[in-house]
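> Spelled out from the first residue to the last, the chains are:
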Amino acid sequence: MIKLMKTNFYKMFHSWSFWLTLLLMPFINIMTMITKNEEYSGRVKESIYDKWSVIQCPETCFTHLSSFVFIAVLLIGMIIGDEYSSGAIRNKLVAGYSRIQLYTGYLLTSIVECFLVHIICTVVCYGICCTLYGYDGYFLTFVSMLVRSLAPAAALCVLTLFCIVAAGNRIIGMVAAILGDLIICLCYSANLSVYARLDNSEISEFSHKLYIIIDSLLPSFYSGWFVDPVDKAIDLRTAIQPSCGWCMITMTLFCITGYIIFEKKDMK
Amino acid sequence: MEYVLKAESLEKKYRGYTALDGFIMNVPKGSIYGFVGKNGAGKTTLIRLICGLQKPTSGSFEIYGVRNNDKKILEQRKRIGAVVETPSIYPGLTAYENLKMQYMTLGLSDYKSIPDLLKLVGLENTGKKTARNFSLGMKQRLGIAVALCGAPDMLILDEPINGLDPQGIIEMRELIIKLNREKGITVLISSHILDELSRLATHYGFIDNGKLIREMSAEELEKECRRSTHIEVTDSSCLSSVLDNMGFEYKITDEHNVDIFGRPNISQLTKALMPSGCDIISVNENDEDLESFFISLIGGSKS
Chain A
421 MIKLMKTNFY KMFHSWSFWL TLLLMPFINI MTMITKNEEY SGRVKESIYD KWSVIQCPET
481 CFTHLSSFVF IAVLLIGMII GDEYSSGAIR NKLVAGYSRI QLYTGYLLTS IVECFLVHII
541 CTVVCYGICC TLYGYDGYFL TFVSMLVRSL APAAALCVLT LFCIVAAGNR IIGMVAAILG
601 DLIICLCYSA NLSVYARLDN SEISEFSHKL YIIIDSLLPS FYSGWFVDPV DKAIDLRTAI
661 QPSCGWCMIT MTLFCITGYI IFEKKDMK
Chain B
21 MEYVLKAESL EKKYRGYTAL DGFIMNVPKG SIYGFVGKNG AGKTTLIRLI CGLQKPTSGS
81 FEIYGVRNND KKILEQRKRI GAVVETPSIY PGLTAYENLK MQYMTLGLSD YKSIPDLLKL
141 VGLENTGKKT ARNFSLGMKQ RLGIAVALCG APDMLILDEP INGLDPQGII EMRELIIKLN
201 REKGITVLIS SHILDELSRL ATHYGFIDNG KLIREMSAEE LEKECRRSTH IEVTDSSCLS
261 SVLDNMGFEY KITDEHNVDI FGRPNISQLT KALMPSGCDI ISVNENDEDL ESFFISLIGG
321 SKS
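Going down the list, the protein sequences come from chains A and B.
The first sequence begins at 421 in the numbering used here and counts up one residue at a time.
The second sequence begins at 21 in the numbering used here and counts up one residue at a time.
One or more hints might be untrue.
To be verified - On the chain B side, residues computed to face chain A include the following (Cβ under 10 angstroms): (1) C71; (2) K75; (3) S78; (4) L94; (5) P111; (6) N118; (7) K120; (8) M124; (9) T125; (10) C169; (11) G170.
The hints are simulated quantities; they were obtained by calculation from the structure and are not laboratory data.
Note that the Cβ used here is the ideal one computed from N, Cα and C, for glycine as well.
Let's have the full structure, built from the sequences with the hints guiding it.
Listed below in structure tokens is the structure:
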């Protein structure tokens, strides 16, 4: 297994798609951060929420999450899908690896490469944000958001890998993965909407309904905020909060199905 | 005789199509086994089953005495190097990196032998050129180099000389013979180029419609294909006694037809048959090569 992972990581670090994504995503996040800061800089500061803070994090440090589906499909499709299109998967089967070992190796590689891109993007952007605009004291909240974003990220990786393995073809698999991930994100968004309505406290939604409709059209994580009129506190919620259980269900379901399909698949 | 690969009543069915039907095969250790068959006969399907790319519908096979349904088969597969249909190489990596990847897959940490392997297949000067930019022949050589990683005991080559130029074909032949004779590697090679196969193989397996039609050694094939004179007579038993007196080796096909292995003097033969009243009806010369033997075995017309 270690030999297999070593091979997969060697391939990953020699892949142009990995390095391109790793360099491009933080750049996009930083540009978004600078743009958002300019938006806030001209305003009269009435409260602590009118300056740069972690409140703006989902719009900046986590900007890449809005296109995470495409990131995952690109990374996994180019690296794992390449094994199919080049026939290199045959070498590993002939070398004596079982199907379960291979699939587990692909799964771990997919999750690690996507996590690397996600974490590095976020941390680099946050670091630059603190350097440019000062530390805002919300570090633990930032870390919490980062950690909690890993669950749906992993779920999307599992689903993307499943689509590519089931298709047995890189292009078809990547297209199927985009469609599949879109459906899953819509389900997550719908779940959040249902959760919000089950909450007993009076919640006034700040452009919430419109945001849900617009955002659910995109294959992304939903992120919005609720304003509690009683405490006048802003409670930041993302799709990860109610969806951790759904993420685990998604991962388990597609992991097991992926293993079964891969085990029985006739390779050419 | 020790066999490295034995197939017993192997079957592989796809939806509505049977690729292998009760297939039986025995590959002796240390041989170069030439696998001959028409397109769609089942050669590549068999290779896929042996390499673990697909599972048989029924039947079984053994690699080095281990059955395919035994978990230990995975260990035995490590002793095999294979090129299945097309070379399995990463197009975005160089030749050296491709071999390094295969070494890592096999758990080999010493990469010092990679340049020697590249030299063996004639790819030592490719430098930083990625496999994507290789010619078909270069990709084929790289595929074979990948199969040779880890010094396998058995090599499975599916149409290995496809895309090679004449010089490349000669070099490939010499390489296979060298690996077989110097290192004792058993080679299973499928090819349509029968002339080339006839220069290599020590054993042959003829496959048609998913079944093994004939399995024979090169010596047996030579006897079958050797030059003969086909004589049709009125009574083959009279001819046989004359041929025994003349010291010719022959084979009686039926009561009127005899194949004589040699070049008998027809005038002398006619003279010798006259007292017994046996007449010669026709005389034909046969010079069967592997191609015509294959055609006669499998069926079809010679182009």
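> Now, for every hint given, state plainly whether the structure supports it.
Going through the hints against the structure:
1. C71: holds, 5 angstroms
2. K75: holds, 8 angstroms
3. S78: Hint violated; S78(B) Cβ to chain A Cβ min 15 angstroms, cut 10 angstroms.
4. L94: L94(B) check passes; min Cβ-Cβ to chain A is 4 angstroms, inside 10 angstroms.
5. P111: holds, 6 angstroms
6. N118: Check passed: Cβ of N118(B) comes within 9 angstroms of chain A, closer than 10 angstroms.
7. K120: holds, 8 angstroms
8. M124: At about 5 angstroms, which falls below the 10 angstroms cut-off, the nearest Cβ of chain A leaves the hint on M124(B) intact, so it holds.
9. T125: Given a least distance of 5 angstroms, the restraint on T125(B) holds.
10. C169: holds, 9 angstroms
11. G170: holds, 8 angstroms
Consistency note: the structure conflicts with earlier hint 3 alone.
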